[in-house]
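Student: Which chain is which? The protein sequence lines are A and B, in order. Quick note on my numbering: the first sequence kicks off at 1 and runs consecutively. Quick note on my numbering: the second sequence kicks off at 1001 and runs consecutively.
These aren't lab readings, by the way, just hints derived from the structure by calculation. Each residue gets a CB set at the ideal place from its N, CA and C atoms; glycine is no exception. Where hints are given, some of them may not hold.
Here are the simulated lysine-lysine pairs, DSBU-like style, with alpha carbons at most 35 Å apart [as the list claims (entries may be wrong)]:
#1 A/K58 / B/K1054
#2 A/K58 / B/K1056
#3 B/K1054 / A/K18
#4 A/K18 / B/K1056
#5 A/K58 / A/K18
Distance windows between CB atoms, simulated [to be verified]:
#6 B/A1104 / A/D81: 32 to 40 Å
#7 A/E96 / B/G1141: 32 to 40 Å
#8 A/V82 / B/T1064: 19 to 27 Å
#9 B/D1066 / A/V82: 21 to 29 Å
#10 B/A1111 / A/A70: 36 to 44 Å
#11 A/G61 / B/E1144: 32 to 40 Å
#12 B/A1111 / A/D94: 18 to 26 Å
#13 B/A1025 / A/D97: 38 to 46 Å
#14 B/A1049 / A/S53: 16 to 24 Å
Derived coverage of chain A by chain B (criterion: at least 3 residues anywhere in the stretch with Cβ under 8 Å from a Cβ of chain B; other residues may be distant) [what the hints assert, rightly or not]:
#15 37-43
#16 73-80
#17 90-98
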Amino acid sequence: MDPEPNQTGQPARPALAKARAIIDGLGGAANILEIEPCITRLRTEVRDGTLVSEPALKSAGVHGVSRRGAIVQVIVGPEADVLAQDIEDQLAQDEEDRF
Amino acid sequence: MALVVGSPVSGTVVGLAGVSDPVFATAMVGPGTAVDPVREPGHVCAPVAGILRKLKPHAFIVVTDDGHGVLVHLGIDTIRLDGDGFRLLATEGDWVAAGEPIVAWDPFSVAALGFSPVCPVIALDATNDALSDHSLRGQVGAGEPLFSWN
């Protein structure tokens, strides 16, 4: 099922746009191996660290990015677990769309 | 009136610059300070009164009635201990009094496992100039004032 746009044509939930922007900043769905929410940050493991764009993540509205090779921590504040769920949902959606 | 944030543990106030995690050291989630706890089994207590908005074994957030969120992190990188050695004494969503015990732990064991038991106490999304006294250093008892948030 497609996400329902509301009457103004915006995504139904702005948070989903942020989730989408973070996925893009991490180099896209295919580059994300794991996302784990901590209390104020998303601990992520990516396939290729060079595909991660800190400027893109920053413009997605995150507080900061801390990286060590393929381990990228995206600092998002206390909404980390909600955001991680939105990202997981988006990734599942992408997976469905591929088939 | 300024919100007085109390120390969650007894120990030595070392400040965020003394924290080995750059996310805290550079105040990415907010300014605050950090307390190096005494190395004996004890409780980590609520720094302010409010709703226990998040509770994990290694960290919790209390949000006051007027929306000030204070994060207490029990040691650095301690998410990797997977809750081992941490016992929850409260439930997420509870209203808690300032000084109420939230998690039981043993900083000595945490240190023995190779983790820093230093506890950052963070004023979430505050600006640095909204805090006062957060640059103070020295001994503090659990529940004693740590800094003020205007």
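Student: Hint by hint, say whether it matches the structure.
Tutor: Structure-based check of each hint:
| no. | hint | verdict |
| --- | --- | --- |
| 1 | A/K58 / B/K1054 | holds (25 Å) |
| 2 | A/K58 / B/K1056 | holds (27 Å) |
| 3 | B/K1054 / A/K18 | holds (21 Å) |
| 4 | A/K18 / B/K1056 | holds (24 Å) |
| 5 | A/K58 / A/K18 | holds (11 Å) |
| 6 | B/A1104 / A/D81: 32 to 40 Å | violated (23 Å) |
| 7 | A/E96 / B/G1141: 32 to 40 Å | violated (55 Å) |
| 8 | A/V82 / B/T1064: 19 to 27 Å | holds (21 Å) |
| 9 | B/D1066 / A/V82: 21 to 29 Å | holds (22 Å) |
| 10 | B/A1111 / A/A70: 36 to 44 Å | violated (29 Å) |
| 11 | A/G61 / B/E1144: 32 to 40 Å | holds (36 Å) |
| 12 | B/A1111 / A/D94: 18 to 26 Å | violated (43 Å) |
| 13 | B/A1025 / A/D97: 38 to 46 Å | holds (41 Å) |
| 14 | B/A1049 / A/S53: 16 to 24 Å | violated (42 Å) |
| 15 | 37-43 | holds (count 5) |
| 16 | 73-80 | holds (count 4) |
| 17 | 90-98 | violated (count 0) |
In this structure, the hints that do not hold are numbers 6, 7, 10, 12, 14, 17, in rising order.
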